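Kindly generate the complete structure, drawing on both the sequences and the hints.
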Amino acid sequence: MQLAAGAAGVENADGESASSQLFSQLQEVLKTNYDIDSSAIMSLINELMDIWWVLRKRRVALFGYAARGFLQYLSLSNERHIEKHDRTTCNLDLAKQVREDCTLKATLYVLHILVNYGVELEETIEQGLMTVPPVPWQEIISQLFARLSTHPEKRVRKQLENLLMTLAKLSPWAIVYPTLVDINAYEGEPSEELQRILDCLVKVHPKLVQDVQLMIVELGAITVLWEEQWLSTLQDLHADVMRRIATLKEEVSRVAENITLTHSEKVKINAAKYSAMMAPIAVALERRLASTSRMNETAHEAWFQKEYGEQIKAAITSFKTPPSTAASLADVWRPFDVIAASLANHQKKSSVSLSDVTPKLAQLASSDAPMPGLEKQILMSDSEADGSDHLGTVTVSSFSEQVTILATKNKAKEASSLGLRWPKIYLSSQGQGRFTT
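Under the UniProt record's numbering, the first residue of the sequence shown carries the number 1, and numbering increases by one thereafter.
Honestly, the hints are just simulated from the structure, not real lab data. From a predicted model like this one, the values you see are computed outputs, not experimental measurements. Just so you know, even glycine gets a beta-carbon here, dropped at the ideal spot from N, CA and C. Careful, some of the hints might be misleading.
[To be verified] Listed next, the in silico BS3-like pairs over lysine-lysine satisfying Cα-Cα at most 25 Å (straight line): (1) K105 x K158; (2) K306 x K158; (3) K96 x K57; (4) K266 x K249; (5) K273 x K306; (6) K349 x K306; (7) K411 x K360; (8) K348 x K411; (9) K203 x K169; (10) K154 x K169; (11) K207 x K360; (12) K313 x K273; (13) K268 x K249; (14) K266 x K348; (15) K203 x K273; (16) K57 x K207; (17) K158 x K203; (18) K169 x K158; (19) K306 x K360; (20) K320 x K268; (21) K349 x K409; (22) K169 x K207; (23) K57 x K154; (24) K320 x K249; (25) K320 x K306; (26) K273 x K348; (27) K349 x K360; (28) K273 x K349.
[As the list claims (entries may be wrong)] The following label-pair restraints were derived from C-beta to C-beta distances: (29) D236 x P133: 46 to 52 Å; (30) L289 x L94: 17 to 23 Å; (31) R59 x T131: 21 to 27 Å; (32) M295 x T317: 35 to 41 Å; (33) S318 x K249: 16 to 22 Å; (34) Y65 x Q97: 26 to 32 Å; (35) S232 x P133: 43 to 49 Å; (36) V338 x A290: 18 to 24 Å; (37) A344 x M295: 23 to 29 Å; (38) T150 x Q97: 30 to 36 Å; (39) T408 x A146: 50 to 56 Å.
As structure tokens, this is what we get:
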């Protein structure tokens, strides 16, 4: 009972309240293991639930005291207070590191209490959050977004939304990347909470949102170029095709031994088996072809279509046509081996021209997009939250012309960017809006 009283709230109970879940469990256990009539079972369960509520309230109260303590610590850990303390500290770097570690732990503890006991401690946490400056929350933005759309309790999601909304108004640079990445990840409509945060960002700083969205889309587009997509597809399919060819050879031999069939019947059977066996491969090839046959948007895409477009189409047409003899089964994949060898040789290049793969980024100049990794710790007052000044923000001014193709398995791209009031920084694009510096 003590253990059940200390269980987390609705987040870990699939939306069902802890009390309802315990009630159902007690009812099932008593009915299964004891020969007691229904009225006696209900009476016993009610008594046990009364005990559980006492223990639960005590447990939640302790978490309430902890939440107040952590929130008070965060509210007092502002920059002015710390600077005065640091003047008397010998090792300022060590003191700063210790302070940051303690602040991070405090924010994570508060988040843990919020997501597990946020409904029962709603008033306590809400009042405490109002006293905490936005800066500490910048270090756990990813954790806040992870809970924003997935937590089953609407009141908890609202508190998370309010917290992120404050950051959106006072430090839009800190949350614009995760907001847009999460928005782009939705196949349908995003959650109401996420949409309201985006609307707030657009209202506070529309050009910031526009420039960051451009960077995410364009850098995401060059993460895996068309020739890399095709080479990966052909390499992934090669072993599967070889297995299917081996199986088909056995089937052809078995059909050939059947003396009751005419030659034309054997040809039809072999052709039908080939089409059925290779259908999944053909579908995968045609899907990849469709993704690289749309209207080209860059010089690099135009080059790929001119160099490989017709060759790939001819190879697919040939592959879908059943071979006339068993001996020619081994040759059905040969055109793709030739294409794969050519693509692999082309990928030995260590760089591509930025204007060829993403002309929009090549033309980018003096954007409002913050430099990834340097977007935090920048706050605006309410009067300044009109997007008119960067307030020392390190923004992406432009990109260098050459994009380096890193010698890694996923062929990540590295583009050097120049920041406003900042030296050159190298951004590595790894897809899904993930940039490393």
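Review point. Is the straight-line distance between the alpha-carbon of K105 and that of K158 25 Å or less?
Key: Holds. K105 to K158 sits at ~23 Å (cutoff 25 Å).
| task | Measure nothing beyond the straight line between the CA atoms of K349 and K306; if it is 25 Å or shorter, mark the hint as holding. | result | Given pair K349, K306 holds - Cα atoms ~19 Å apart, limit 25 Å.
Item to complete: For the pair we were handed, K320 and K249, check the Cα-Cα distance against 25 Å.
Response: 17 Å, holds
V338 versus A290 beta-carbon gap, inside 18 to 24 Å or not: 22 Å, holds
* Restraint status (C-alpha distance of K349 to K360 at most 25 Å) -> Cα-Cα ~23 Å, so holds.
Restraint check for K266 with K249, where alpha carbons must lie at most 25 Å apart:
13 Å, holds
Given the hinted pair K273 and K349, is their Cα-Cα distance within 25 Å?
41 Å, violated
For this session: Decide if the proposed pair is consistent with the structure: K320 and K268, CA atoms, cutoff 25 Å inclusive.
Result: OK: K320 and K268 at ~15 Å, within 25 Å.
Confirm or reject the claim that D236 and P133 have a C-beta distance inside 46 to 52 Å.
50 Å, holds
inquiry  = Tell me if the beta carbons of T408 and A146 are separated by a distance inside 50 to 56 Å.
reply    = Roughly 27 Å apart at Cβ, these two residues miss the hinted range, so it is violated.
- Message: What's the verdict on K96 and K57, does the C-alpha distance respect the 25 Å limit or exceed it?
- Response: 38 Å, violated
Between the alpha carbons of K306 and K158, is the straight-line distance 25 Å or under? 52 Å, violated
In summary, the numbered hints that this structure violates are 2, 3, 5, 14, 15, 16, 26, 28, 30, 32 and 39.
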